[in-house]
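With the sequences and hints as input, model every part of the structure.
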Amino acid sequence: MMLNHILVLLFFSLSPLPLALSFSSNATDHEALLAFLAATNDPLNSLSSWNLSINFCKWDGITCSSRRQRIIGLNLVNRNLSGSISPHVGNLSFLRFLYLDNNTYAGNLPSQLGNLRRLQHISISNNLIEGEIPSTLSNCTNLLSIVISYNRLGGMLPLELGSLSKLELLAISRNSFNGEIPSTFGNLTSLTRLYCGSNDLVGEIPDSLGRLKKLELLAFGENSLTGFVPTSVFNLSKVSVFDIAANQILGSLPSSLGNVFPKLEFFSVGINMLTGLIPASLSNATSLRYLHIGYNQFSGEVPNFIKLNKLSVLGISGNLLGKGGANDLSFVASLTNATSLASLGLDGNSFGGELPVAFWNLSTTISRLFLSQNQISGTVSSDVGKFVQLQDLRINDNNFTGMIPSTIGELQNLQFLDLSRNSFSSRIPSTIGNLSVLLYMYLSQNNFSSVIPSSLGNCQNLLGLNLSRNGLTGSLAREVLTIPSLRSADLSQNQLNSTLPMEIGNLKNLEYFNVSRNEFAGNIPSSIGGCVRLESLDLQGNSFNGNIPSSLSSLRGLQILDLSRNKFDGPIPVYLAEISLLALNLSFNAFEGALPEDGVFKNASSVSVTGNPRLCGGIPELRLPKCNLKQQKKSSFSSALKIVISIAVVLLGLTAIAVVLIFCCLKRKKALPPSNSFGNSLLQVSYQTLFQATGGFSEDRLLGVGSYGSVYKGTLGEDRNLVAVKVLNLSQHGALKSFLAECEALRNIRHRNLVKVLTACSGVDLQGNDFKALVYDFMPNGSLDDWLHQNSNQDHTQGRTGKLSLVQRLNIAIDIACAVDYLHQHCGTPIIHCDIKPSNILLDEELVGHVGDFGLARFLSKATNSSSTHQSSSSLIRGTIGYTAPEYGIGGEPSMYGDIYSFGILVLELFTGKRPTDEMFRDGFGIHSFVQNCLPDRVTETVDSSLLPDMEITNGHQNSSSIENHKLKQYLFELLNVGVACSVNSAKERISISDAVSKLQSIRDNLRRENAN
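According to mature numbering (1 follows the signal peptide of the UniProt record, and there is no 0), the sequence shown holds residues -22 to -1, 1 to 991 in order.
Honestly, the hints are just simulated from the structure, not real lab data.
For every residue, glycine included, the Cβ atom is placed at its ideal position computed from N, Cα and C.
Take the hints with a grain of salt, since some may be wrong.
In silico BS3-like pairs for lysine-lysine, Cα to Cα no more than 25 Å straight-line [as the list claims (entries may be wrong)]:
{"#": "1", "residue 1": "Lys892", "residue 2": "Lys486"}
{"#": "2", "residue 1": "Lys364", "residue 2": "Lys285"}
{"#": "3", "residue 1": "Lys604", "residue 2": "Lys580"}
{"#": "4", "residue 1": "Lys216", "residue 2": "Lys288"}
{"#": "5", "residue 1": "Lys301", "residue 2": "Lys216"}
{"#": "6", "residue 1": "Lys216", "residue 2": "Lys241"}
{"#": "7", "residue 1": "Lys216", "residue 2": "Lys191"}
{"#": "8", "residue 1": "Lys977", "residue 2": "Lys966"}
{"#": "9", "residue 1": "Lys945", "residue 2": "Lys781"}
{"#": "10", "residue 1": "Lys191", "residue 2": "Lys241"}
{"#": "11", "residue 1": "Lys977", "residue 2": "Lys892"}
{"#": "12", "residue 1": "Lys734", "residue 2": "Lys691"}
{"#": "13", "residue 1": "Lys144", "residue 2": "Lys191"}
{"#": "14", "residue 1": "Lys966", "residue 2": "Lys486"}
{"#": "15", "residue 1": "Lys781", "residue 2": "Lys947"}
{"#": "16", "residue 1": "Lys945", "residue 2": "Lys966"}
{"#": "17", "residue 1": "Lys192", "residue 2": "Lys241"}
{"#": "18", "residue 1": "Lys781", "residue 2": "Lys892"}
{"#": "19", "residue 1": "Lys216", "residue 2": "Lys144"}
{"#": "20", "residue 1": "Lys945", "residue 2": "Lys892"}
{"#": "21", "residue 1": "Lys192", "residue 2": "Lys216"}
{"#": "22", "residue 1": "Lys192", "residue 2": "Lys144"}
{"#": "23", "residue 1": "Lys144", "residue 2": "Lys241"}
Label pairs and their calculated CB-CB ranges [as the list claims (entries may be wrong)]:
{"#": "24", "residue 1": "Ser265", "residue 2": "Glu824", "range": "48 to 54 Å"}
{"#": "25", "residue 1": "Gln979", "residue 2": "Gln226", "range": "39 to 45 Å"}
{"#": "26", "residue 1": "Arg730", "residue 2": "Gly589", "range": "38 to 44 Å"}
{"#": "27", "residue 1": "Pro527", "residue 2": "Ala304", "range": "55 to 61 Å"}
Have a look at this one:
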């Protein structure tokens, strides 16, 4: 395409004009188009027709007037064009419409647009345009529509726009405009639609907008507007869409609201600070389809909605409605006329009494029903089975009693069921097994008795099950333990008995399992080692006995283990010290022998062993008696084994240090002069140098604390270069090995997306203790974890107070993928990082991602990409819980597949904003399954809300913004799908990292226009 540009320009400058361009006016148009073309990048060659072989009026996207052959229209929507909008477009003096939507044009809107006096329509939404709206646009006095939504525009809205008396449509949503809404907008007397949502507008809605008598749509949602809605605005009788949700609006709604807005179809004032009563006159707005007034402070009774036959969504959640009285829900009878009702949100109020008979006559089209957190009593009618379209039923935190009707099994589309914290009794109906697409079932804190129905095993898509705090009896149904998707099962505080079935080993995806405070007995089945993703296991308060099975050693991802208040005996297995446990409770059993002193046993606050009188040894803080000779003999074999292993590790460590020192000395002899004041070779700075560089390792210089040491900010060399100094805590098991691994890994690798090691230190400190440290380039923007999970008490550096945009996150994902691809494929001996996670991704001043912390890195043999390593095959790959591949949990060797899994989880975290260890996953499911089950139809429920645009509504008709939202969802789906494809359970089914790079780069090429700042 560039060659085509050059040929066109040369032809135009050296040849006489064709006959069609003999008039200077046409020549001006032609020159303007060539200048526009020269400033445009066209990777898809969609402007191939723009050449001299045909008349420019026949070029694709060009519309000319039939008589004068002047350009009146330029339509280049959806062409994947980039570059900038040439100021020469201002020379198209007959131009009437300019459509450039859904491209990636950047730069500013040229002020020369103000020269287009005939311009009627300008639409440049979904690009990367920045800067301010040029005030010269007010010179285009014939403008009928301005659509510039979904860009990077900012600054104050120009007062001059108020002079466009013919303007009918103004759409500026999803930008970064700040300041107040100009009062001059009240002069736009022809305006019918005004979109200003999702900006940073402040101040009050100007009273002058009450002069816009033709206004049909007003959307100011998701800004920071304050004050009251002017009375004059509530007198705009033609308004059909009114959206001021998610602001800080005060006051109350006028009692005549439904009378002054008779054509109202969409009314959203939720998430504000409105008070008073819900106007009864709303029932007169008979065209109303969407009514959202939730999360305010409305009080009193809910009025009658009997005339709202078209109502589809009613949301009055999170207010102060109802008084806990018997008639609070009488208004529900008026909703039976709404035959298209799909969503009803009444939760978070004070509604009392029983559900009226009319409730069961609501439309069978309803798919979302929220009644939770009220004071509703009575029973659930068998008529609940009529609501066959229900997908989400939440009636938790009420006072319901009686049985769950068997007809609940007729809700074949139900995915989420929450009946917890009520007073339901009797047995759980067996028909609940008919809910074949159910994902989450929460029935906790009721009065259910009898056995768990075996039919529950038919719910083969179940992710989360909570039956805790009931009176369930009998054995645990084996069928429940055959649900392959199950991530979380909480059966605690019941009266379940018998033994724990061997089938528990079938739950390969189980992450949380709690059967505490029941009456289970017998041994823990050895098959539990098959639950390779288990992170929390709580068996406390039962009658389990025997030894802790050796198969438990397979659960390398286990974080919390509670075996307290049972009848376990025998020695405490040494392997528990090798699992990265965060909490271990073994109290009140009959364990005996010597207590291990490594791993979790080194921290008295993380382990409890009280109530085991025959235990001895351990760290002093646990206050156990010293072991006598007899007790020591019982564990002599394990102790001897530990000594042998310790000696071997020390010898290997000393040998490795010697090799590294010899290598570095040889390398130093051959090395070129250093490129900076402190050189590039390792092991050459002293302790005193680093002590001075970091202000004596002052707490003021502390940047963070990791698994094997602390990182300080310092200045080094004659130029006072900023550096990060990682000081190893050599008392921490594995720290020395981490130091050597990092030296070895970073010795020869160089890549723009890897953290650069500058130098290292291996010596002694002022007290004569061993001292080891690594010195890196300083990264001023901290870690990716800092940006993704900011909290209110975090001391942010400049530039870290905002959220990362979609494009920034995508760029970082590509940076990480390129680094991993380099490590795997392009650095001689392949390197496996083994600990890809946000806290190990550091960001420079331009937010470029750099992979760091190679303390767990492993080398693969050049002959294979399998798990053959330079280190012992028995080396334990710990990684980090949530990011570690499932095959590592069952002793799998380090491999490229493991890094790809960790990268996939990181991608999901990048775009959902949720940690893989988030509480929402602990009780039900992992982040991989959470995203996978929401794709492709529920993308918006998955991604970080800061990345989502508003859904604009235009009187029921599809417009550019609905197209934009559809495309944005598609790209978000593609991004999340990369994360899902990288993090599947089966290692060999994961896509390669090079494929991930290719897919992400392809998405970035098409997504720049979708930036959500």
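Structure-based check of each hint:
| no. | hint | result |
| --- | --- | --- |
| 1 | Lys892 x Lys486 | holds, 23 Å |
| 2 | Lys364 x Lys285 | holds, 23 Å |
| 3 | Lys604 x Lys580 | holds, 16 Å |
| 4 | Lys216 x Lys288 | holds, 18 Å |
| 5 | Lys301 x Lys216 | violated, 36 Å |
| 6 | Lys216 x Lys241 | holds, 6 Å |
| 7 | Lys216 x Lys191 | holds, 7 Å |
| 8 | Lys977 x Lys966 | holds, 18 Å |
| 9 | Lys945 x Lys781 | holds, 22 Å |
| 10 | Lys191 x Lys241 | holds, 13 Å |
| 11 | Lys977 x Lys892 | holds, 22 Å |
| 12 | Lys734 x Lys691 | holds, 15 Å |
| 13 | Lys144 x Lys191 | holds, 13 Å |
| 14 | Lys966 x Lys486 | holds, 17 Å |
| 15 | Lys781 x Lys947 | holds, 19 Å |
| 16 | Lys945 x Lys966 | violated, 31 Å |
| 17 | Lys192 x Lys241 | holds, 12 Å |
| 18 | Lys781 x Lys892 | holds, 13 Å |
| 19 | Lys216 x Lys144 | holds, 18 Å |
| 20 | Lys945 x Lys892 | holds, 23 Å |
| 21 | Lys192 x Lys216 | holds, 6 Å |
| 22 | Lys192 x Lys144 | holds, 12 Å |
| 23 | Lys144 x Lys241 | holds, 23 Å |
| 24 | Ser265 x Glu824: 48 to 54 Å | holds, 51 Å |
| 25 | Gln979 x Gln226: 39 to 45 Å | holds, 41 Å |
| 26 | Arg730 x Gly589: 38 to 44 Å | violated, 57 Å |
| 27 | Pro527 x Ala304: 55 to 61 Å | holds, 56 Å |
In terms of the numbered hints stated before, the structure departs from hints 5, 16 and 26, listed from lowest to highest.
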